[in-house]
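Chains as they are written, first to last, in the numbering used here: chain A, 374 to 515; chain B, 2 to 229; chain C, 15 to 341.
Note that these hints are calculated values from the structure, not bench results.
These numbers were taken from a predicted model, which means no experiment stands behind them.
Glycine is no exception: its CB is placed at the ideal position from the N, C-alpha and C atoms.
Worth double-checking, as some hints may not be accurate.
Here are some chain C residues pointing at chain B (derived, C-beta under 10 Å) [unchecked claim]:
| hint | residue |
| --- | --- |
| 1 | A189 |
| 2 | P191 |
| 3 | D195 |
| 4 | A199 |
| 5 | L250 |
| 6 | V256 |
| 7 | G258 |
| 8 | G280 |
| 9 | Y281 |
| 10 | K283 |
| 11 | T286 |
| 12 | T318 |
| 13 | R327 |
| 14 | R330 |
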Amino acid sequence: MDAATLARLARAMAEAGLARLELEGPDFALRLDRSSPADAAPSPVPGSSNGDAAPVLVRAPAVGTFLRAHPLHQRPLVVPGERVRAGESLGLVRIGDVLLPVPAPREGRVVAEPAAPGSLVGFGDPLFELRPCAEEGGCGST
Amino acid sequence: MSVGEPRVSPLGTSALLFDPPGETSLETQRRIWALAREAERWPELREAVPGVNNLLLTLERPPARLEPLVDRLLAAWRAVEPLPLGGRVFELAVRYGGEEGPHLADVVAHTRLSVEEIVARHTAPLYPVFAIGSHPGYCYLGGMDPRLSTPRRKVPVVSIPAGSVSIGGGQTGVSASAGPSGWNTIGRTEMVFFDPSLDPPIRVRPGDAIRFRVERVRPPIRLDGGRP
Amino acid sequence: MIEILETGGLASVQDLGRFAAFRWGLGTAGVMDPPALRAANLLLGNPEGAAAIEIQLFPFAVRFEADLDFALTGADCAATLDGAPLLPWSAGSARAGQLLRLDLPRDGARAGCRACLGLRGGIDVPIVLGSRSTQLRGSVGGFEGRHLRPGDRLPVGPEPEAPTLRASIVPPALALPLEVDGLPAVRALPAAEHDAFTAASGAAFWNEPWRITPQSDRYGYRLAGPVLEPETPLELRSHGIVPGVVQVPHGGQPIVQMRDGQPSGGYPKIATVIEADLWRLGQMPIGTRFRFLEVDWEEALAATAELESWLVRLRRVTSLLRARRIG
């Protein structure tokens with residue numbers, strides 16, 4: 374494993390939006406960690422806290438094309454205003470022919486979609502803004 | 002000896018069919034068996050499966066060019082010595098006609114032979130097993146009296162039972178299990194041809210032979226009120 | 015272990031097929047849509063040929079008896095896990111007791127008609143004569159050599175090392191579309207008796223649309239279209255045939271041999287659908303109108319390479335994504 378190979382792997386990781394890459398061969402084991410400024414985990418939107426549960430940004434899990442609907446379907450997975458359960462897919466990031474779901478980190482209501490469908494998004498880019506349900510009925514009908 | 006080169010044609014990208022010219026004969030079949038034994042050792046082939054005077058060759062993967070493989074087959078064909086597969090003889094008792102032989106009337110109509118003559122001609126030969134195919138354990142037999150030849154049915158039958166004895170074109174055979182068939186069923190017998198717990202899973206093999214014996218004869222029935 | 019709760023019939027355990035049993039009179043069997051099986055297994059971390067359930071009639075429902083990852087590919091059939099909708103062509107995780115339900119596939123050429131349900135570890139039925147595929151005639155392989163019934167409980171094999179990738183895949187119907195004059199198409203090579211048909215029949219075969227009749231199943235697709243006639247009647251000696259072979263019986267309406275088709279035939283063969291396109295036909299529901307597209311050997315190889323490179327890209331992306339930090 375030489376420096377050029379390592380550089381190539383690092384580039385491939387960046388392109389694919391990978392945080393860690395582990396490779397194993399007959400006589401080597403390699404682990405590459407890419408420190409990223411923003412993780413895919415949800416983060417509170419600064420300055421939006423006003424006593425209610427603060428909206429969270431749901432970010433892109435990888436570099437790819439942002440899709441609101443599965444390519445087989447017309448209908449978007451969610452529309453703004455819709456209430457979603459924790460784990461429900463809000464959108465998809467397409468990498469090659471693989472579609473990574475963007476799951477809702479918690480129950481809540483989709484209040485905004487900052488990313489345009491079909492656009493190329495970077496790792497950690499905000500895709501959805503979700504107003505969490507702090508308690509039962511916390512984000513019920515407005 | 003047959004004249005002319007065998008025809009080798011692709012069956013899509015997954016197999017080739019090797020088809021020598023000439024009348025169907027046991028002599029040609031012995032060369033087919035020999036070619037199969039030779040070709041199944043070639044790494045580019047999955048299987049070399051004898052049919053009736055022909056050979057199916059399934060490919061591991063489609064080669065970039067077919068010609069070298071075709072040339073190799075033709076060269077091997079010219080070189081092979083007929084393989085005299087010595088085998089056992091299986092005698093099968095047949096109930097001819099009636100409900101168990103629903104197409105006997107069609108064979109009578111096509112051949113213009115009497116039921117008695119059809120049965121006599123069908124039980125006379127020792128039928129060599131040329132090949133296995135159609136369905137698990139099914140034996141393609143050589144040696145049928147050409148006077149019994151009857152075309153395959155225009156519309157295949159959805160299911161005929163195991164043990165059905167039938168004629169299709171110039172061939173005869175026994176169904177090893179229930180299933181669809183385009184052949185004319187003239188009778189029924191009892192025999193287990195295929196058992197996946199055996200190794201190999203077939204009881205009758207190419208090179209073996211079958212003889213039919215009359216268990217009983219019933220008059221032919223007429224389907225749909227008569228001949229189509 | 016999973017339990018079959020509901021089936022419309024004709025669901026069976028299949029892998030890629032049984033490829034070395036022609037000598038005993040067995041056809042290949044195996045899934046009608048091999049890329050769908052491979053995709054399901056790629057998501058699950060299974061070997062690509064691990065056995066799965068092929069579902070042809072709906073609704074279909076299973077209950078998970080233990081926590082288990084699954085992948086559903088092939089027909090886009092509005093699947094739900096305990097009522098929660100699932101993405102088509104995706105992998106998910108079920109907890110013990112959860113119920114997976116598949117409904118009628120959507121209409122539309124790309125929806126498909128056969129679903130493939132893969133399980134992490136693969137369905138662990140015995141390998142018989144080289145394969146786990148169900149060979150119905152002769153009752154070989156699969157689950158007791160037959161179609162699945164409510165109450166059947168299917169075991170899974172040991173877990174693979176690679177983790178499940180909870181993702182969806184863009185199906186090959188979208189990634190590798192193939193149409194002629196607005197109709198779905200399959201590529202085919204002329205077969206031995208192609209030139210024994212009248213010129214008009216040959217032209218009609220390649221230029222006219224063919225409709226898949228209701229008498230079409232895993233054994234074969236009976237097509238309806240112009241009557242194809244040989245120059246003179248042909249009686250051929252019985253010979254081996256493979257899935258994809260298009261035979262023309264006396265009635266002049268072609269039959270395409272599919273995965274459960276018998277391994278030999280004797281009707282004149284006008285063409286053979288290439289292996290790389292058989293999945294397209296396998297996902298066309300009854301009533302579909304489609305076209306045959308004539309190719310030569312080089313074009314057939316190019317089509318094979320195109321499908322193979324789709325798989326290579328899929329393997330590459332799934333393994334890269336697996337290497338991501340989880341959680």
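Legend entry - Numbers of unmet hints, in rising order: 1, 2, 3, 4, 13 and 14
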